[in-house]
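Peer 1: Residue-level listing of the chains:
Number of protein chains: 2
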Amino acid sequence: MSQTPRQSAERSVPTSADVARLAGVSRATVSYVLNNTSSVRISEPTRRRVREAAEELGYVPHAAARSLRAGHTRMVLLPASASSVGPLYLQFFNELQWALRRLDYTVVQYGSLGLDGDEAARAWAELRPVAVVSLGEVGLTPQGVDILKRSGAKAVITLAPRRVAGAHSLVMDQSEVGGCAVAHLVQRGRRSIGVVMPSEPGLEHFAEPRFEGARRAAAGTGARIVPLALAYDEKSANDLAAGWAGLGLDAVYAYNDEYAMLLMRALQDAGIDIPGRTAVVGADDLLLGRLLRPRLSTVHIDMVTGQLLAELVDRTVRDPNGEPETRDLMGARAVHRESS
Amino acid sequence: MSQTPRQSAERSVPTSADVARLAGVSRATVSYVLNNTSSVRISEPTRRRVREAAEELGYVPHAAARSLRAGHTRMVLLPASASSVGPLYLQFFNELQWALRRLDYTVVQYGSLGLDGDEAARAWAELRPVAVVSLGEVGLTPQGVDILKRSGAKAVITLAPRRVAGAHSLVMDQSEVGGCAVAHLVQRGRRSIGVVMPSEPGLEHFAEPRFEGARRAAAGTGARIVPLALAYDEKSANDLAAGWAGLGLDAVYAYNDEYAMLLMRALQDAGIDIPGRTAVVGADDLLLGRLLRPRLSTVHIDMVTGQLLAELVDRTVRDPNGEPETRDLMGARAVHRESS
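Going down the list, the sequences are from chains Y and X.
Numbers 1 to 340, taken from full-length UniProt numbering, label the letters of the first sequence in order.
Numbers 1 to 340, taken from full-length UniProt numbering, label the letters of the second sequence in order.
Calculated from the structure, these hints are not laboratory results.
Here the structure is a predicted model, which is why all the values come from computation and not from measurement.
By construction, the Cβ of each residue, glycine as well, lies at the ideal position given by its N, Cα and C atoms.
A hint or two may mislead.
One-sided and incomplete, this derived list gives chain Y residues near chain X with beta-carbon spacing under 8 Å [said to hold, decoys possible]:
no.: 1; residue: V13
no.: 2; residue: P14
no.: 3; residue: G58
no.: 4; residue: P61
no.: 5; residue: H62
no.: 6; residue: R74
no.: 7; residue: A125
no.: 8; residue: R128
no.: 9; residue: D146
no.: 10; residue: R150
no.: 11; residue: D233
no.: 12; residue: K235
no.: 13; residue: L288
In silico DMTMM-like pairs for lysine to aspartate or glutamate, Cα to Cα no more than 20 Å straight-line [as the list claims (entries may be wrong)]:
no.: 14; chain 1: Y; residue 1: K235; chain 2: X; residue 2: D314
no.: 15; chain 1: Y; residue 1: K154; chain 2: Y; residue 2: E126
no.: 16; chain 1: Y; residue 1: K154; chain 2: Y; residue 2: D104
no.: 17; chain 1: Y; residue 1: K154; chain 2: Y; residue 2: D285
no.: 18; chain 1: X; residue 1: K235; chain 2: Y; residue 2: D285
no.: 19; chain 1: X; residue 1: K154; chain 2: X; residue 2: D314
Over the 10 Å line for every Cβ pair with chain Y, so calculated as not near, a few chain X residues [stated by the list, open to error]:
no.: 20; residue: L22
no.: 21; residue: P161
no.: 22; residue: R327
no.: 23; residue: L329
Just need the whole structure built from these sequences, with the hints factored in.
Peer 2: Structure representation (structure tokens):
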């Protein structure tokens with residue numbers, strides 16, 4: 001292997017030919033050994049010699065070269081989240097990664113911050129993933145699904161509030177979350193219900209269907225629904241609390257547990273009794289809700305398991321011509337504690 | 001372009017040759033136009049024709065093929081976090097992604113859950129990134145840095161508690177966080193100080209140096225330091241609170257604000273006055289700490305900005321032969337509120 005006297009960043013990158021030369025075997029043998037091809041019989045001493053030569057030279061296979069030969073990769077692309085990730089989501093996400101790795105996929109996340117659905121699809125397609133699992137922050141369109149499939153993706157799976165044509169759609173209908181929260185409040189006799197709409201960008205994909213669900217749950221009950229803008233900072237919460245009396249609300253569904261904690265604190269500081277004068281409900285069933293006083297009522301959301309999703313990825317990669325399915329995955333239920 | 005009558009997942013993937021044929025230009029022209037090469041003069045009508053042909057066929061360039069031709073990619077690889085990501089980190093991370101994208105890099109995150117440092121380095125090297133920014137969860141070794149550089153990475157940057165030989169090391173010495181917390185408690189007259197060690201895997205990279213800093217800050221002051229295991233659940237916190245009297249502690253540094261909230265609630269429920277009998281300090285200066293009663297004292301941590309880190313990536317890619325630098329980036333200070 002030729003080496004310049006320059007520093008390591010300038011050394012030539014070792015190739016499988018270098019490994020073959022050092023180990024005294026063919027390049028095909030190097031490829032079989034390092035890609036763990038079990039269909040070809042190679043003796044253990046030869047395997048060891050190849051691995052030692054690769055280690056000595058610092059050679060690692062080139063995923064891109066391998067994917068060009070194979071026509072596709074084992075890469076599953078997941079968009080990286082741009083907004084704050086709760087513990088619920090994180091657990092799901094780690095489980096999904098583990099399960100995909102056990103199925104011999106490489107999991108790569110791609111930041112899609114600031115890209116719209118079709119821009120994101122094109123950027124993802126450049127990496128030629130065999131599967132894309134879109135988790136709802138990017139509005140993947142049918143055109144985006146088509147771009148991905150034309151670039152060789154065998155599985156495009158969306159986990160989103162709505163079905164996307166051409167993709168396997170796991171629909172998590174966020175409106176059920178708002179619906180559960182408001183049905184709970186109405187059942188407990190509340191009739192004038194604020195619904196917090198977070199000002200932070202990216203959350204509207206969740207907040208808008210939740211609001212819509214809240215509106216539907218109130219329809220015909222005589223209860224009214226009032227949207228309330230709230231940024232995730234103390235000043236915004238204190239401003240809202242300062243004008244609370246004028247709003248005439250006896251309850252609030254505060255988007256999620258974190259916004260609920262913020263608003264409940266501001267209301268308490270403004271002397272508003274919770275739940276006496278105003279009931280508060282969050283969502284996500286986080287630990288923090290149980291630590292608040294009064295304990296926060298919430299909406300518990302059942303997530304799809306990472307294992308189930310990984311199996312769907314693998315099944316679709318193996319049989320890409322099945323009809324795209326739509327499955328409703330959302331399970332939501334109100335959890336009554338002390339704040340409502 | 002040949003098309004089978006099968007479904008889209010089975011259609012042949014369009015190539016730049018297909019685009020060239022449809023647009024009536026050479027493959028080189030397609031490449032120049034779609035890669036925005038400014039050094040070659042191509043008329044606007046031709047550029048438009050190429051773009052329209054690419055769109056019609058659903059063609060996107062193949063990042064892997066491009067990287068094989070160029071010998072490297074514009075890909076910056078960031079390990080994806082496996083543990084819960086706080087809002088502080090998330091803001092930094094989004095800023096880093098934006099700044100790198102403005103500099104025309106593609107940002108890809110790689111889950112390294114369950115891989116040790118050298119395994120992770122080999123997995124990353126397979127993607128042939130031009131730069132790797134390791135954010136401290138994976139213990140990247142000098143061997144790992146060498147694997148990455150030999151595979152063509154021009155910049156390897158670590159943001160970790162300790163220097164890593166061969167890499168640009170941005171050292172965030174976590175011991176300062178524990179040191180600040182305990183110095184604050186000692187200064188306020190506390191002499192018997194518990195230090196929470198989270199049981200959750202992955203946090204030991206932060207918890208252990210924080211503990212070490214706590215120990216050093218107490219040395220010679222007459223204060224004693226007691227490690228306290230705590231899992232992030234109510235039962236663990238209630239068990240710890242139930243045995244609190246026996247520990248004889250007058251203060252606790254609770255790792256971070258979230259563990260502090262959990263433990264403070266359990267101590268309050270067990271009738272222990274905060275800060276009268278036990279002072280509590282967290283870390284991270286989250287909003288939630290200001291929402292608690294008593295308001296939570298904390299350690300404010302200055303993070304490196306994403307913009308600064310992106311510029312370091314770009315500078316190192318352009319001049320990979322500079323000596324690896326080590327810079328201390330941690331700025332930490334105690335913030336006194338009501339709980340201490």
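Peer 1: A separate judgement is required for each hint: does it hold in the structure or not?
Peer 2: Quick rundown of the hints versus the structure:
1. Annotation: interface hint on V13 of chain Y holds; nearest CB of chain X at approximately 5 Å, less than 8 Å.
2. The beta carbon of P14 of chain Y comes within 6 Å of a beta carbon in chain X, closer than 8 Å, and the hint placing it at the interface holds.
3. About 4 Å separates the beta-carbon of G58 of chain Y from the nearest beta-carbon of chain X, less than 8 Å, and the hint is met.
4. With its C-beta approaching chain X no nearer than about 6 Å, P61 of chain Y sits inside the 8 Å limit, and its interface hint holds.
5. Hint status for H62 of chain Y: holds, given a least beta-carbon distance of 6 Å to chain X, under 8 Å.
6. Evaluation of the R74 of chain Y hint against chain X yields a violated restraint, the C-beta minimum of about 11 Å exceeding 8 Å.
7. Checking A125 of chain Y against chain X by beta carbon gives a least distance of about 4 Å; that is within 8 Å, so the hint holds.
8. For R128 of chain Y, the suggested interface contact is upheld, since its CB lies about 6 Å from the closest CB of chain X, less than 8 Å.
9. Satisfaction of the interface hint for D146 of chain Y is found here, the shortest Cβ-Cβ separation to chain X being roughly 6 Å, below the 8 Å cut-off.
10. Annotation: R150 of chain Y was flagged as interfacial toward chain X, and the flag holds, the nearest CB pair being 4 Å apart, inside 8 Å.
11. Because the closest C-beta pair between D233 of chain Y and chain X is about 7 Å apart, less than 8 Å, the hint holds.
12. The interface hint given for K235 of chain Y is broken, as the beta carbon of that residue sits about 11 Å from the closest beta carbon of chain X, more than 8 Å.
13. The interface hint given for L288 of chain Y holds, since its Cβ lies 7 Å from the closest Cβ of chain X, which is under the 8 Å cut-off.
14. A C-alpha spacing of about 38 Å is found between K235 of chain Y and D314 of chain X, which places the hinted pair above 20 Å, so the restraint is violated.
15. At most 20 Å may separate the alpha-carbon atoms for a hinted pair to count; K154 of chain Y and E126 of chain Y meet this at roughly 15 Å.
16. Of the pairs offered as hints, the one joining K154 of chain Y and D104 of chain Y holds, with about 16 Å between alpha carbons and a cut-off of 20 Å not exceeded.
17. Note on K154 of chain Y and D285 of chain Y: the hinted pairing is violated, with a Cα-Cα distance of about 36 Å set against a maximum of 20 Å.
18. A threshold of 20 Å between alpha carbons decides the hint, and for K235 of chain X with D285 of chain Y the separation of about 16 Å falls inside it, so the pair holds.
19. Restraint check for K154 of chain X and D314 of chain X: satisfied, since their Cα atoms lie roughly 10 Å apart, inside the 20 Å limit.
20. For L22 of chain X, the requirement that its beta carbon stay farther than 10 Å from each beta carbon of chain Y is met, with the minimum near 14 Å.
21. For P161 of chain X, the condition that its CB be more than 10 Å from all CB atoms of chain Y holds, with the nearest at approximately 22 Å.
22. No Cβ of chain Y comes within 10 Å of the Cβ of R327 of chain X; the nearest lies about 19 Å off, and the non-interface call holds.
23. For L329 of chain X, the condition that its CB be more than 10 Å from all CB atoms of chain Y holds, with the nearest at approximately 22 Å.
Violated hints, listed in ascending order, are 6, 12, 14, 17; each of the other numbered hints is respected by the structure.
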